[in-house]
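*Asks:* Spelled out, the chains give:
Number of protein chains: 2
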Amino acid sequence: MKAELLSVGTELLLGEILNTDAKFLAEELSMLGISVYYQTVVGDNKKRLTDALELALSRADIVIASGGLGPTPDDLTKEVIAEAMGETLVLHEESMRAIEAYYQRVNREMPESNKKQAMLPEHGIVLANPNGTAPGCIIEKNGKTVIMLPGPPRELEPMFIDSVRPYLLQKSGKLLLSKNLRLFGIGESKLAEMLQDLIAKNENPTVAPYAETAGVRLRITASCRDASEGEELIRPVLEHIKSLVGAYIYSEEDKPLSQTVAECLIAKNITIAAAESCTGGMFSKMIVDYPGTSAIFSESVVTYSNEAKQKYLGVREETLARFGAVSRETATEMAQGIRRAAGSDIGVGITGIAGPDGGTAEKPVGLVYVGICFGEKTDVLELHLTGNREKVRYTACQNAFFRIYQHLCDC
Amino acid sequence: MKAELLSVGTELLLGEILNTDAKFLAEELSMLGISVYYQTVVGDNKKRLTDALELALSRADIVIASGGLGPTPDDLTKEVIAEAMGETLVLHEESMRAIEAYYQRVNREMPESNKKQAMLPEHGIVLANPNGTAPGCIIEKNGKTVIMLPGPPRELEPMFIDSVRPYLLQKSGKLLLSKNLRLFGIGESKLAEMLQDLIAKNENPTVAPYAETAGVRLRITASCRDASEGEELIRPVLEHIKSLVGAYIYSEEDKPLSQTVAECLIAKNITIAAAESCTGGMFSKMIVDYPGTSAIFSESVVTYSNEAKQKYLGVREETLARFGAVSRETATEMAQGIRRAAGSDIGVGITGIAGPDGGTAEKPVGLVYVGICFGEKTDVLELHLTGNREKVRYTACQNAFFRIYQHLCDC
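Chains as they are written, first to last, in my numbering: chain B, 1 to 411; chain H, 1 to 411.
Hints listed in this document are in silico derivations from the structure and should not be mistaken for laboratory results.
Please read all numbers here as calculations on a predicted model, not as lab measurements.
Worth double-checking, as some hints may not be accurate.
Same chains, same names: a pair is fine if it fits in one copy or spans any two.
To be verified - In the EDC-like style, the derived pairs of lysine to aspartate or glutamate whose C-alpha atoms are separated by at most 16 Å in a straight line are:
| no. | residue 1 | residue 2 |
| --- | --- | --- |
| 1 | K174 | E317 |
| 2 | K115 | E193 |
| 3 | K171 | E28 |
| 4 | K190 | E109 |
| 5 | K201 | E376 |
| 6 | K116 | E382 |
| 7 | K116 | E193 |
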């Protein structure tokens, strides 16, 4: 089965936004074993959109169009597709009610123009959009399938996963089963080197590494008739990988490191609190990202100034004066101080120089100390990180989470 | 002048990498006033690449191909383009020397296969690549221009800026100047409705709205001979827009809301501190995202539990018992409490139900109270937000920043 992607939007042609939708859809289709030979980006222009759609339909079985489902007159995707597929647009009552309900929820008056979004192809399969106002739609005709999805990634991605993936799975009859491992503390090229035999073999299942912002994802993909055959194929390869690089693997379920740690803390009923300087709340925010964390997380402090470090955490003036705010000693006292203040099992203290300014020869931008206090014992990581301010801070948090993960595995 | 982008690479079709090259090239071309009507992504396949190139040449004056200039046999871009343009590939001595020098610099032996990269179209304009081994090339023939660039962004971007942009500027002789306004508190469709005359006119300059996660961007684009003519064209349109929707505009420099607020706080030397419940540190993190905020931000607390709200902020037990943790009253006491604790000018308290669980009929998921205490006065926003946990929390922060922005404009 062949598919093509048709991304609609002048903002893409003008280079205002990155085409993350195309990457997402291409990756998902690849996992479903559906080949994509072309991706096309076209603007909100009737003639050119029609031409691009017809070309795509002449080459592929399935065309997935994204974008151009908005309420404004320059949103043309639905109209063009309906015309090309010989479909009439009719008012879809359920979608109309969903759009009205959406505006009620956000406490705003629905503009007249939004009614256009409830006009849908008469014989289409409507895809609900709980995250926005534009419903998606699938049209099947003459052996071709066109799937329309809204452009914003927060709407497109859940709609694909909840509605389109099950539809395509049923259609293709074959299954690609993937297992995504997440690793930390090893680079992509080092990992590829350590697993070169497995990667080069390119048998069923295949093994491929992907670099992430901090860490690596390793994907094992089996082509199979059903899930249980797929699992049988994957199991020995997974065991082999674990025997080689098991120490770096923190998730076999493709879960982010922070989520893995949060869930593990909840499962073991171990409480945590953080004192953050350069990360400014990022570490705590990453814990609260997951529902249910109130069981193990009650408080944190952002102590950006020296005064705040003293006031909330009892970091000693002498420590700050002698070793500086960015030091092993301050990180230790921050971790111990927040653990004491919060009465938690684990205390985390993060202090560093995120840049772009503030670095010196002795303490350059990218130097971060992470103190982690587990009861009597306090570990301090000294990190020398690269990248911009955001990346330094994010990588510091990831290092903290990985050290906690290692600790949780031991206890 | 019309251009098309042709991105070559199976890794794009598989969704392994984001097409940042297309965004970069599209944005650059747009600024040069060169229209891009289509972008196509195609794999390393001779037949399909040839078809895509011929189609692009039939529609555009200039085709910019990126990727597929590597040394391996599956890199076909140059061969396919040369054939389509009737060009022979010949050894380009200077490029050969540059590739050899590159390998000397990185202290590695040059693989035999790299010689392929020095084979270039006989009548092409060769573009040097100081950041890699693949030279770029421009071929002009029969009124059409094909430009080949290497795929890796750190090679493509400098090559475009140093060699291709000057070439295209000379060719086109015109410029597009854009101004991006950022708005909050108004939806894309409402904005489009209020500015429909301006948008529909589609004159020079053009006006177009784009939805963001929370807020809208409005772009004014003038086609002009030079920057000062562009500014003259944009000025009256900007004034007109400000007279209609000025109250929603927070940036005329395309800056994020949190950055606008952070910079404004620094400029006015007004200090801020936050007490966060459902946002879990996100608001504080967004302030610390910008360098230089230590002048106006020294501390925040994440008070996820009721106990933490009492301990750090002095929220009264009676308030929590009578009105609940998610209430106007608690948000008020949180804002006042953190302002008192931090001794800051502004105190922010955020408490809400981010979901997916924890909602009730009376207090549904998405209900968030934001208290903002400016000296004697405390404002409370009652927000009814939609979307997932992450979106609810992000939109709550954006609402807090916008209210602070409004306050800062008044003082």
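*Asks:* Evaluate each hint against the coordinates.
*Replies:* Against the structure, the hints come out as follows:
1. K174 <-> E317: neither (66 Å within a copy, 59 Å between copies)
2. K115 <-> E193: Result: close only across copies, 14 Å inter versus 56 Å intra.
3. K171 <-> E28: This pair counts as within: shortest intra-copy Cα distance 14 Å, inter-copy 41 Å.
4. K190 <-> E109: between (55 Å within a copy, 9 Å between copies)
5. K201 <-> E376: neither (48 Å within a copy, 70 Å between copies)
6. K116 <-> E382: neither (57 Å within a copy, 30 Å between copies)
7. K116 <-> E193: between (54 Å within a copy, 14 Å between copies)
Figure legend: structure checked against the earlier numbered hints; hints not met, in rising order: 1, 5, 6.
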